[in-house]
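Asks: These are the residues of each chain, in order.
Protein chains: 2
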Amino acid sequence: MRPAAAAVGQPLDAVDTPALVIELDAFERNLRTLADSVKGRPVRVRAHAKTHKCPEIGKRQVVMGAVGVCCQKVSEAEAMVEGGIGDVLVSNEVVGAPKIERLAALARRARVGVCVDHPDNVAALAASGATLDVYIELEVGMGRCGVPSGEPVLALARGIASHRNLRFAGLQAYHGRAQHIRSTADRRAAIEGAARAVRVTEELLNKHGIECPIVTGAGSGTYMLEVENGAWNEIQPGSYIFMDVDYGRNEWAAPLPRFEQSLFVLTTVMSTPAPSRAIVDAGLKASSIDSGMPTVWQRDGYNYAKASDEHGLVEIGASAKAPRLGEKLLLVPGHCDPTVNLYDWYVCVRDGVVEHVWPITARGALL
Amino acid sequence: MRPAAAAVGQPLDAVDTPALVIELDAFERNLRTLADSVKGRPVRVRAHAKTHKCPEIGKRQVVMGAVGVCCQKVSEAEAMVEGGIGDVLVSNEVVGAPKIERLAALARRARVGVCVDHPDNVAALAASGATLDVYIELEVGMGRCGVPSGEPVLALARGIASHRNLRFAGLQAYHGRAQHIRSTADRRAAIEGAARAVRVTEELLNKHGIECPIVTGAGSGTYMLEVENGAWNEIQPGSYIFMDVDYGRNEWAAPLPRFEQSLFVLTTVMSTPAPSRAIVDAGLKASSIDSGMPTVWQRDGYNYAKASDEHGLVEIGASAKAPRLGEKLLLVPGHCDPTVNLYDWYVCVRDGVVEHVWPITARGALL
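One line per chain: the protein sequences are A and B, in this order. My numbering applies: residue 2 is where the first sequence begins, and numbers increase by one. My numbering applies: residue 2 is where the second sequence begins, and numbers increase by one.
No lab work stands behind these hints, which were simulated from the structure alone. Among the clues, some could well be false.
Remember, identical chains collapse to one label, so a pair may be satisfied in a single copy or spanning two.
As the list claims (entries may be wrong) - Lysine to any residue pairs mimicking SDA-like chemistry, simulated, CA-CA at most 25 Å apart:
| id | residue 1 | residue 2 |
| --- | --- | --- |
| 1 | Lys307 | Arg250 |
| 2 | Lys329 | Pro120 |
| 3 | Lys322 | Gly144 |
| 4 | Lys307 | Gly144 |
| 5 | Lys307 | Asp187 |
| 6 | Lys307 | Val246 |
Looking at chain A on its own, in the form it has when it is part of the complex:
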């Protein structure tokens, strides 16, 4: 692990770049906004740790009422448990002997859930001997993993129930694509489609005497639509703590609250080849461009137009003041999750001063 990216007490402007910065006031308001938005609703929060990969943040989510976290990888779940989180769902299929062994070892130290969509995988999990909450992943519009509603779910649920160490915990029904549909009305339509698949499946299970304790899913871009719909009783928001350029392009309207941008990449102007162009030291190894370029925070007329591996090209509009060599800028990452995965530390800032440095202990946790 690399040394801490800043020193507590340092002014932000003295922090070397590129650095991944959390504005603590905005971050903490986001934590509270989510908690307030579901207060009194029959739903529990299982925050998604794939976004932050940091137990320091996971613990704060639990303190704000989350039942635990979810992860996409076993090695992420290990990092969360090692950091003090006692209840982790791997909201994904875990396939292959080495990973299932690790999952089983983890389940001796914490409450662990996992998703399945194949009977062979159920058999492999059962053979591990681990006590696991097993969720069936339902295909609800992602076109990715999961089984369609109907008979396949019934067969899997019976398979799970036939093993003493596995507990059928419910359905994983996550519509990831819906998170990034721009209009609230279209997002609502997508979630209603997912909800129909959930209800049909629950009815089938109930008809055959199988109880479905939890229906889990719902990301930051839609979760209040799932809550209002009522088919879910657990939500998995992740990005709400940080936000990014892509989420910023969504329409944010009731019932969804507005979250604030709290995650930034601090960068330095390292070359000023022309008044209309500045080169910054944060390229695509410092801010993931899979969902588009970062933007420059609170600088009218500045356009981060192009990223190469270690450089970013910022176009300076004719009416904007060009930056000086060495000047620092804040970028808003195009996509928060893969950007976080490029860093070892968060530099947490309040009123322009570093208050915490938090290690991103699940950075690079691919297994």
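Following the hints, put chain B in place on chain A, whose structure we already have.
Replies: For chain B alone, coordinates are given in the frame of chain A:
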């Protein structure tokens, strides 16, 4: 740092996924092919370590004749020196007090070069007191850092020469964009344009009594064009050791030799939702998609069509045999450099058995 991604002696098929794999035979042939291609030419090799970020590889490049390595970041250069490389060029501008301090400290332990394109930066380097080889970055078609040929170069060279601790080492003339132009003829035209800028600049410097010892530049996609042109006496190839999908799309014709694909992402089929579709456990956090999707190695009819954070969607053609759950596939990364930056270890394989695990010590070296 994460634990080693495999055990020496393990069969490749037992390695947990996603894993970053080097096929050692192909890798070693690439090292030799490059060395052979410049044998007897009046040019030295300074291999680019931004690609591999691994001293184990840098040392092998030096053993094969490289004078040292180049890096894009001071922290990368530190990792190389710590790993046993004695001559490092930061082929980039180094701006800001903390980085210049680190560069100065490094220059007390190794021969260190750096690029400049601004007089204020020359002054800051001089003030550090460090003994540095200083190269002027010439703008030769990248539209990024660098000064145009002519007076600005002369002023910078004089500025450098005015400081006792700085040595004017020559010109950095790297045409990165040319590396990815598909046809050899078009790449040659781009390099000839860059060469004209180099020659005009050298003539100007010589006319004013300033010697220009080294002209450095030239990446894997063009370097023999620079060598044949004659305006360069140092080349900086990086990707030739690994190759990737994007480089594979170039025309490879004389004078450039053909390099082999040696870098792969090992991935597991984690879901088989339909005969026409498989989901693998390597998404965009396991293989960078900035230059396009990875491809599936030696599987006709398999098309890696879409990456999400932790999943890849592989379309299976109608005439291809669908993979079974748990089957492993090798992916060719779309772009090698940022893919390497996602991993902590290379799993180095010969004849299907792990022979080395090499730590990627400059992974995440952003400063």
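Asks: Hints first: check each against the structure and report whether it holds.
Replies: Against the structure, the hints:
1. Lys307 with Arg250: both (19 Å within a copy, 22 Å between copies)
2. Lys329 with Pro120: Result: close only across copies, 19 Å inter versus 54 Å intra.
3. Lys322 with Gly144: between (47 Å within a copy, 20 Å between copies)
4. Lys307 with Gly144: Answer is between; shortest inter-copy Cα gap is 11 Å, intra-copy 31 Å.
5. Lys307 with Asp187: between (31 Å within a copy, 23 Å between copies)
6. Lys307 with Val246: both (15 Å within a copy, 21 Å between copies)
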